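Asks: For reference, the chains in residue letters:
There are 6 protein chains.
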Amino acid sequence: MGQIVTFGEVLMRISPRGNKKFIQSNIVEFYFGGTELNVGISISNFGGDVKHISVVSEDFIGETALAYIRQFGMDTSSIVLSKRPLGVYFLEVGAVIRPSMISYNRSHSAFSEIVPAKVNWEKALKKGEWMHWTGITPALSQGAFDTLKEGLKLAREKGMAVSADPTYRSDLWKYGQDPKAALTELLHYSTIFIGGVNEINEVLGTEFGYGNDDFIKASKQLMDTFPTIEKVFDKIRTSLNSSWHKIRARMWNGVDFRETKDLDITHVVDRIGTGDAFAAGLIYGLQQYDDYKAMEFASAACALKHTYEGDVNLATVKEVNSILAGNITGRLVR
Amino acid sequence: MGQIVTFGEVLMRISPRGNKKFIQSNIVEFYFGGTELNVGISISNFGGDVKHISVVSEDFIGETALAYIRQFGMDTSSIVLSKRPLGVYFLEVGAVIRPSMISYNRSHSAFSEIVPAKVNWEKALKKGEWMHWTGITPALSQGAFDTLKEGLKLAREKGMAVSADPTYRSDLWKYGQDPKAALTELLHYSTIFIGGVNEINEVLGTEFGYGNDDFIKASKQLMDTFPTIEKVFDKIRTSLNSSWHKIRARMWNGVDFRETKDLDITHVVDRIGTGDAFAAGLIYGLQQYDDYKAMEFASAACALKHTYEGDVNLATVKEVNSILAGNITGRLVR
Amino acid sequence: MGQIVTFGEVLMRISPRGNKKFIQSNIVEFYFGGTELNVGISISNFGGDVKHISVVSEDFIGETALAYIRQFGMDTSSIVLSKRPLGVYFLEVGAVIRPSMISYNRSHSAFSEIVPAKVNWEKALKKGEWMHWTGITPALSQGAFDTLKEGLKLAREKGMAVSADPTYRSDLWKYGQDPKAALTELLHYSTIFIGGVNEINEVLGTEFGYGNDDFIKASKQLMDTFPTIEKVFDKIRTSLNSSWHKIRARMWNGVDFRETKDLDITHVVDRIGTGDAFAAGLIYGLQQYDDYKAMEFASAACALKHTYEGDVNLATVKEVNSILAGNITGRLVR
Amino acid sequence: MGQIVTFGEVLMRISPRGNKKFIQSNIVEFYFGGTELNVGISISNFGGDVKHISVVSEDFIGETALAYIRQFGMDTSSIVLSKRPLGVYFLEVGAVIRPSMISYNRSHSAFSEIVPAKVNWEKALKKGEWMHWTGITPALSQGAFDTLKEGLKLAREKGMAVSADPTYRSDLWKYGQDPKAALTELLHYSTIFIGGVNEINEVLGTEFGYGNDDFIKASKQLMDTFPTIEKVFDKIRTSLNSSWHKIRARMWNGVDFRETKDLDITHVVDRIGTGDAFAAGLIYGLQQYDDYKAMEFASAACALKHTYEGDVNLATVKEVNSILAGNITGRLVR
Amino acid sequence: MGQIVTFGEVLMRISPRGNKKFIQSNIVEFYFGGTELNVGISISNFGGDVKHISVVSEDFIGETALAYIRQFGMDTSSIVLSKRPLGVYFLEVGAVIRPSMISYNRSHSAFSEIVPAKVNWEKALKKGEWMHWTGITPALSQGAFDTLKEGLKLAREKGMAVSADPTYRSDLWKYGQDPKAALTELLHYSTIFIGGVNEINEVLGTEFGYGNDDFIKASKQLMDTFPTIEKVFDKIRTSLNSSWHKIRARMWNGVDFRETKDLDITHVVDRIGTGDAFAAGLIYGLQQYDDYKAMEFASAACALKHTYEGDVNLATVKEVNSILAGNITGRLVR
Amino acid sequence: MGQIVTFGEVLMRISPRGNKKFIQSNIVEFYFGGTELNVGISISNFGGDVKHISVVSEDFIGETALAYIRQFGMDTSSIVLSKRPLGVYFLEVGAVIRPSMISYNRSHSAFSEIVPAKVNWEKALKKGEWMHWTGITPALSQGAFDTLKEGLKLAREKGMAVSADPTYRSDLWKYGQDPKAALTELLHYSTIFIGGVNEINEVLGTEFGYGNDDFIKASKQLMDTFPTIEKVFDKIRTSLNSSWHKIRARMWNGVDFRETKDLDITHVVDRIGTGDAFAAGLIYGLQQYDDYKAMEFASAACALKHTYEGDVNLATVKEVNSILAGNITGRLVR
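For the record, the sequence lines run as chains Z, F, H, L, R and S. Numbering-wise (our numbering), the first sequence opens with residue 1 and increments by one. Numbering-wise (our numbering), the second sequence opens with residue 1 and increments by one. Numbering-wise (our numbering), the third sequence opens with residue 1 and increments by one. Numbering-wise (our numbering), the fourth sequence opens with residue 1 and increments by one. Numbering-wise (our numbering), the fifth sequence opens with residue 1 and increments by one. Numbering-wise (our numbering), the sixth sequence opens with residue 1 and increments by one.
Same shape as in the complex, but just chain Z:
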């Protein structure tokens, strides 16, 4: 399997331990994350060859971010340095009926000022076989949108697969672009759609419901509009509260509709990055297995991510497959 390429902002995540608020303790922990990076690291943990492309600050914080990424064995050779600071997000982890809260400091970050000239896409995609993008990057700045578009264009020219997770986040998109138009343009370079009815409605301007029939109809209309898209995968979360979720997935690949059973996450450790874990499982799975097995793999990966602190899924292929083999009772592994 060739190199998987991810492109997006690297953020420093800072949060108090457990369920504390910042007002309760001046001792906090940090990890690094970012939706596309999370996908990349997870695939790297599955044994994939992954390159992440980004911009980090030219200081000890940027150096620490690079070290963090390198420890997972990722290729950081296309990460650029900048005089601007690394983006930061602060997180207070909720519990039960209390939601987690996030505050961002990213609007003038090292990444936000990226422009196409900063990335040598030819070189960056040299070994590339698959590229993954999300709706976060084009929402950050005109330069981020332009740079991503240039990368996707080349990726497609090189015949690479392109997976899209076109999440729409209304708190971003401050720089003037119309989200729907921008996402539409980028989806024309994509082959795998990771998202559900909400995301489809967003880009098509439709109003499909959440049932399986509507999902299939929505997927079909999406594929009609974007002929490069071959498959649609939707992860479905049912939340009792902050601490108790269920995860399942469904798919339409132009031929078959399939869905998985719920995995019951009775004690959520950390939900951040669980969607990214699903995308990573899917990208890895589609290169190894058939569509349904890939979706099952992705669901189990997503479920496992809920048990790791931090943004990234630390599970190995062996561990994900053990879940699929039914080992979900938590029996000690020696």
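The hints are simulated quantities; they were obtained by calculation from the structure and are not laboratory data. Accuracy of the hints is not assured; some may be wrong.
Copies of the same chain look alike in the list, so a pair counts if it fits in one copy or across any two.
Said to hold, decoys possible - Pairs of lysine-lysine, PhoX-like flavour, derived with a Cα cap of 25 Å:
{"id": "1", "residue 1": "Lys-83", "residue 2": "Lys-318"}
{"id": "2", "residue 1": "Lys-83", "residue 2": "Lys-174"}
{"id": "3", "residue 1": "Lys-174", "residue 2": "Lys-118"}
{"id": "4", "residue 1": "Lys-123", "residue 2": "Lys-158"}
{"id": "5", "residue 1": "Lys-261", "residue 2": "Lys-180"}
{"id": "6", "residue 1": "Lys-174", "residue 2": "Lys-246"}
{"id": "7", "residue 1": "Lys-21", "residue 2": "Lys-318"}
All of these numbers come straight from a predicted model, not from anything done at the bench.
Given chain Z, work out where chains F, H, L, R and S should sit, using these hints.
Replies: Quick look at chains F, H, L, R and S alone, frame taken from chain Z:
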């Protein structure tokens, strides 16, 4: 809304992290608390103007307690210094079938030696509109009882509302007073009763059961005995075990009986101070809303408190109202 | 009640906090444990007079292990020092569907090189009334097997009770002995069998099922084969996942079959050593109560252990009996 | 003594413990600081009535900053909220020959976008008797410069004393202003100059040397140029390395030259904010004592600050005066 | 060597890490200590058989204190339980010119309410060969004084050696006794005096100076007054500041005056309990060596204690002797 | 500059924080180290292309070790996995006159069982320009010695430079080899000798003294005996105690004797790995600078290492050169 006044002991709470016992780790955390202070801080977090009256030690521990209280924006100008040490309580947090355990070191604390001469109630209640007391303070010492009585008397003379949470704690009351007589005397200065059938039976010497009918009858008899009391609010906890509770509330305001639905706290973080969070929600709510909405607000506040470490409820009005608006699935707030 | 004697390896357990992996934090915690030691410490916490026999390293780690054991009031006078390092095990604590993982560094530890000449059993068992052994010790090395056998032989000659927890762990037994033969030999010195159908099938070579009838049949055949064995106690765990277990127990004492109800452990804190907590509860209980009450005591002790971090049960007799008295709702103890 | 007013950015300071680098630990601590805030908090700890004027973010980080400032008993009523994030600085604490390193994320912070219209100076200075400014604020943005100038102008019109610490930091001043011109303009509103030959040379364009004679000459020329300035105070640091400093001070008040002896800081705990501690000591001292005693008080305050972690001096007046009384041998205080 | 017996209060010591103040962090550490206990633990670490006699609280804090003491292998069989809380002291560790500060919560502690009837001295001293007391115990309460006196009397009747460290602490002695009279009475039961000119002046009412000649004269007069006293040992501390001390010792044994050289403690870790480490070194040393070697051993032990956190000296005999053999350059020991 | 290759054991280092002993806290920190790895990581931090060759355990501890090494950007492609556990060392950090203490658990580690067949040296040295070895590796096992020898032989055949740090550690060498003979054999493959008179005396069997003249004579005799050795570099440590060292260096390159001035390390943070930092500085320096400048660079690197926790030097080339440019007063770097 005028100033809310709380009066009671400030305790330093010391506990190991998570579910550890002291024998397992010599690293511990401290917060400050005390039932009336907890009420005050919570109301302050709701935006109320709150003054807490107490006695703290004249050393760096007392200074730290004052700083703790001030950070919430409270008025500490009527807190008195003493040569005696601040009261301390040690806590080991249980889990599932293991109960939490508390050991107190408060019997000769700075607060326990309070006498009426130490508090200038005229000055202390100058801006006061509401005063709150609990059954803990009169249980600590004769001086505490006397000082509280003097304050309540003046509060009523000034036409302030007075809420009473006359919890009876059999492990206190060591100084000779008869609990029933003492609480009875103080209830004659009160307008809102926060408590259930147990507390009513305690002061009336009755034996009402826990059903709603008995609750109404008990409330009526209470109001007959204490004509100043206008409303009775009862918070009901159903515990599966240390880690899983349900919270609801009911009320009798002389006209209507109402009750709320259960809020399911599937993963309790910290139950200390949840009753105080209910009282605080009620005091704030009764100044803003009708009785039923106030009780709903108080229940949601109480439920939220279970998700914060420490004695005090850190929720804002916006956060409590978000629960009442149905946002209980823990969806991330950005 | 005379002295209870336990014999086995002392391991240093090292793990990151909460559910972290070692890759996520370079701050870790250590406890000491080891299946027989865990049993001994728990009995000591019940007020028993317990001696643990072992070999620890002659360095500051061994000194720390000794201090750890001594703090529980145990007799360490028969623990021997060695130039070899103390065994270590690394633990990553799972959650929900993620299992906990353990990696051992014990194969050339201080204990593994024990030989009979190192232990003066006459002196070690001088005050002994009961000896407990498990299937771990004979699995470690020929010397460990030989030393244990010598101890058991003397124990029986002195008329001591001998409890056996003959767990079979396939990842051990590297030194050449046949597990079945070895365990069989040792069981001939035993009077109480702590184990279920799996363990019985292992030593008898039978294939009994898990139902109660099969359990009784298996127990009978076991007692036929090993006439010294008077009673069989079986702890049954039902796991929803890593974080949610149920515990019950059943017994056959040659006359009666009895079983307890499930205790629901909805939020597991630490499952390591819960089997040892059961054995400890049983040994203590059988010296104080009738067989059924002893089993109930053991089950409650086992359930409580799930709420303590580390390998050992910190519950007191009073705390276990409080569970048996129905106090399982986690009401605060002041 | 009336209210002291400080105006400047509030920064969140984040650093690993001890001498670790971020790459070594993902557990870090935070405090809040900012040169003018540090001065204000220190004076508040001396018992002064202090108001800090600033802009903080309207999120849980800004709330935490406000709570931090409030705990010291400061007046935060003129602090404004903003949708932009709070400024952050990352710190790696050096040792011996390794310097501490700082990386800022402040260029688009909540404070940097201040404009005069955001501060109601009339109201803010209502009780003001003294205002303090530093060279950091005018270096941040045009709006910060303009707002400060407006405040200083009003302060002088009201007859307030104005102390200036016109440090020149070449890494700031990115917005186009000429530092010398800007500082010159602001110094015309000042009555006390806190700085040495370097700072005087910077604003006068002179090249005075470091000797006492040059210091006197420079001070005289400064006073000639800025007739409102009545006194010049210079703190002198001699550094053996990061961990070992000596502190002394000298002054010219138009009449007398005086200097203090060195205080030997053999084991520096934290040097950040020590200059601010000097300024705070001076402002407090000049209101209580004669010029020389004020300078001695400021020097001892500065020396004490080296023993506290974080940006702010936590010493009380009693503690500073104890140093001046010769208690520098660290004898335990019970 | 027979059993050494110490008698005195066990205190829980609580302090923030490093040089933090309580206002700076809600994470604190605890140890247990108490001047006589510190002596006992240190002797136990030297291999001595030591019994500590005290009163601790009958709760999980008292249990933790007992476990702490037991871990050092000490005999706790004469420690009594009480319904009152354990004494606590809070410590803020200073640095350089900042002194450490202590605040006590001990005046109504478990130990303070001791009376002679609580201790069975016959049984407690059964194996005793040496008893050690300090000026703290008689300063706490009449009951503590009486109980100590009873113990000392019996100790002398049994021919035990008695070492006295009659430190006078003016912040204690609140219960009415005259310190001088009380200490005088107790010194009549003592054979070894650990203290210097200050302590001698205190009990004799003399005004000797600090020089060696005065020390000898003072010692002679002390021995004249208290004929049971055979030897006087004085530890001398020279403090540059909180972080840099020098330690030496001198002695008069009725025949010889001797003094040791200074040991230079350039980086003090924790000075609490260093005097107790000296006393422990002396008691151990006098049983093994001649007077001068014992004093040297005690000085090195005292110096080493400055490098351990907490109240107690953790050094072994081997480690102390290594210092005396000249290994003071800190060469790594593998 | 080509690839630098290091070969040696990777150890997990575990130690309590600050100066605590294991008995004082069950919270500990870990890093990874090993003398040759330390050299490699430091060179990597200088920007060099470094490959480390080793054997690590095939479990989550080995995975964590790999991640640790990868974060520094090193080539781990020749690191082999093993079923045996990773070596561990426990460290208690001393202070002042208390030495640090180390206890190893490495004698049956993953690395100790290496044999030549496990390393493909052809492939491993493909890009190699320089190889570094120390006296630790050949001391561990026959296989380690044999494997190292095979690597050195090939390195020399390929014309690579070979630096030797032939430290003799008497606590190792348990497997039967004669240390002198083994080191002699390996030195015949070496071109740079990093060591002083002690190390030369060890391999030559001579008794040279420590003066510069003897150093030159010893170096000459060494070069006569080992004609491939071109240069000798000696780092000299002067220790006042554990916490205060001075570092200087001297060299003989066959032509010139040179020595540097002392660098004064008044507050040692961590001395482990400082010799490795010197070697790394030398290897890097000799590829960039003349011999004297290289030695100065190495000395400054070594001095800087004393300020970082853990085994490895985290300094960059810029930071080392800043020391050489005279910036040793610890002035803040922004």
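Asks: Work down the list of hints and note, for each, if the structure agrees.
Replies: Outcome of the hint check:
no. : hint                 : verdict
1   : Lys-83 with Lys-318  : between (41 Å within a copy, 17 Å between copies)
2   : Lys-83 with Lys-174  : both (22 Å within a copy, 13 Å between copies)
3   : Lys-174 with Lys-118 : both (22 Å within a copy, 23 Å between copies)
4   : Lys-123 with Lys-158 : within (12 Å within a copy, 32 Å between copies)
5   : Lys-261 with Lys-180 : neither (32 Å within a copy, 41 Å between copies)
6   : Lys-174 with Lys-246 : neither (33 Å within a copy, 42 Å between copies)
7   : Lys-21 with Lys-318  : between (36 Å within a copy, 16 Å between copies)
The structure shown violates the earlier hints numbered 5 and 6.
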